[in-house]
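**Student:** Listed below are the residues making up each chain.
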Amino acid sequence: MLGIGLHHAPLAAVASADEPGGASPGASPRALVLVELKGGNDGLNTVVPYRDARYRALRPKLALAADATLALDERQGLHPALQPLMRYWERGELAIVNGVGYSNPNRSHFRSIDIWETASNADETRVDGWLRPVMAALPSRGTGIKGVALDSDDGPFAGSSLDSVVMGNLQRFVNQSRHLARTQALTGTGNAAFEHLMAVERATLDASAVFQRSLEAKKREHDPDAKRPALVEKLENVARLIALDLGPQVYKVTLAGFDTHVDQAGRHRRLMKQLAQGLDALAGRLRDEGRWSDTLVMTYSEFGRRAAENGSGGTDHGTAAPQFVMGGRVRGGLVGTPPDLGRLVDHDLAFDVDFRRLYATAVTDWLGVPDKGTPLEGFEPMPLIG
Amino acid sequence: MSKSTGTANTTALQGARHVLQRSGFGESVSSTLAAVDAGADKVLSERLAGKAPIAPLPPPAWTRQPLTLFESFRDLPKREAISARKALRKAQRQQILELRGWWLSNLLVTDNPLGARLTLFWQNHFTSSHRKVNYAELMYRQHVSLMRHASGSFRDLLSAMLRDPAMLIYLDAPRNRRDKPNENLGRELLELFTLGEGGGYDQRDVREVARALSGIQLDETKAYRFNPKRHDAGDKLILGERGAFAVDEVVEVLLAHPGTAEWIVHKLWQAFVLPEPPERSVRAELGALYRASDYDTRTLMRALFEQPAFRATRSHGQLVKSPVEFVIGTCRALGLSQAEPLVLVRATQAMGMDLYAPPTVQGWPTGERWINAQSLLARDRFVANLLRDDAVDLERAGAGRARETILGATLASGLHDSVPAGGNPLERALRSAAWNLN
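Protein chains in written order, with this note's numbering: chain E, 366 to 751; chain Y, 1373 to 1810.
It is worth saying that the hints were derived from the structure and are not from the lab.
Don't be surprised by glycine CBs; every beta carbon is placed ideally from N, CA and C.
One-sided excerpt, in silico: chain E residues whose CB lies under 8 Å from chain Y: (1) S542; (2) L562; (3) E566.
Each computed PhoX-like pair below joins lysine-lysine, with the alpha-carbon atoms no more than 25 Å apart: (4) Y/K1504 <-> Y/K1552; (5) Y/K1552 <-> E/K426; (6) Y/K1504 <-> E/K426; (7) E/K638 <-> Y/K1504; (8) Y/K1450 <-> Y/K1462.
In isolation and in its complexed conformation, chain E is listed as follows:
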């Protein structure tokens, strides 16, 4: 996430019989879509222990009514605003991993999202995003752009500016990049900032050529309609890009606003609704394009929130929380131990699954990239892919 300086990515790994990208030769490449819930999502009100009396004791104001939650099993249910996800739950395409976190949890936004995006331990600092070695290993297809952050920051892509692109709006992007003057290449400047500029410029020009084609395709079916939530727009663009197969295999989008210290109820509900609508839109479009079984979606968030509500109708920074994993080939269901409200650690939920196991699942089981030498080495993937 800090991404200081440009580290030249090694050449893409030589394709083996099990080609990185997770597909047998000739088949469509697999895509990974990361959805960041920025600010620290309140897991306890997302996947709710709706029968647990301690839940209501800890949250007199914020606890969701048992009959309002969408029951997943006899212990846990979903926030009602996540209704659009139930169809995927019923089809077995949604896995919910309980208690995702790490040991010695850090409750600082800055530090904890850094940990999540670099897959580091709580006591170490890494510069590169956890996707960097993945980007390096994925085969170069089309433009050679392998990752897209449909947002303003690179997050887990940090350090791979040669292979990934960050941008907010496709059409504007394409129009403006036509005018970029091409800088004369310089070597050996010893200036990391300049090299970063050069790398971004090159990637911009290359991506633009590609996205021009995707827009031409889009124009034919675009229906100008009422304003839709931002996440829905972004994930629809992701679906379009996946379907057009222009090269990128890893996508990241952000839904912000989860830092609900004050008056959480309404805001969290709206965020849950937008999340569900976004994921539903993504899945729907991918199914139509026949790419849903090639796609894996994973949420992440820098931390959950405290088990007890605070004095302002909200919750303060916490630790572990559930995360969603969705896709056409996912083995749906509840995974991991539900949070034990009787065994809080320093007022917070204990973690059960190290987040790096989720990443390892995405990287090795899904994308077929070996984890040796990466920060994910040694973390056992979870049996989420069917």
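Place chain Y on chain E using the hints.
**Tutor:** What follows is chain Y alone, placed relative to chain E:
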């Protein structure tokens, strides 16, 4: 080197350019040549002395009027209340836009560019956002407070911020009560404003600081008020110090810890000297100097500008200009002292910097993170549009100067060759990638 052909000694030119960019926003080619004559040291001295007002232009009229509060509509019949709130939100959006335009217009003409740069630095340190604060008047008052203390005492600055209504609203201070604690301000005070993350505090310190800060409220005019009934008056243990601390004592405990000075040194270093943080010994030395000066920011800035790392040619062009530095710097390079405020505002927004509304409490992500596909295009678009403006006289801006002089006055050495040859050299320089660097 001959003056009549418009060239100048490269080293001196680069030295002047470097100092003008780092202690301000850069200047026109003529002004840079004048700075060569004066000498880099003299320029720095003058800027450090910085007595001129940072923001000389009169602020918008609404800054002098009493606040209209959203709460004042509480007793109206429902329909009127709804439309009154809607009207106030609209007015607020207009006001904050005017405030952004006002600040940027000031930066074009300020005779205290270092004071302005420091104000921008503190705005990204003591963050707050209009999106949560809701009142442009309060953002203005915080801004004035930051300007007042920008080069002066950090103690005064910190104390002022802990009483600043915009800051207090942004970090939920009025919600922090003895019986219902809210840790937001306490946490960010330690993590962002003083010791910095990993700077030697732990979760317990956060809780204790939050206790000490309890009881802060805003009165019915949104002014600071202390309510002893909501204050936790018991003993607190903060960073190894024990006492019945409240706001002022917390400030002293934090300033007594060497981590605070070092954190500020670290941040100023990365903003003004090099993107890589200072070596531990340098950081400790400068931290000690800052504390010995009783936290006089001007003294620290002088020391930073005297660092060999700052003076070395190697440091030239290593810092990425923020959107504000880029926009203002481009205008000043072209000799523009006036521009349509809304154009400046929209440009900085498109580049990712919406003044008075940083994305999170950590502020805007700086350095290389300013540059991605999106922002790069926005910067290029801004320069292209500006060069087409009637008010810009490219010929005059670079008149009579050799290409080498123009490039030397605008771009860091070592990067000149990245600019394609041909055409107007000033235009080429301003549209080059290297122009993004300080």
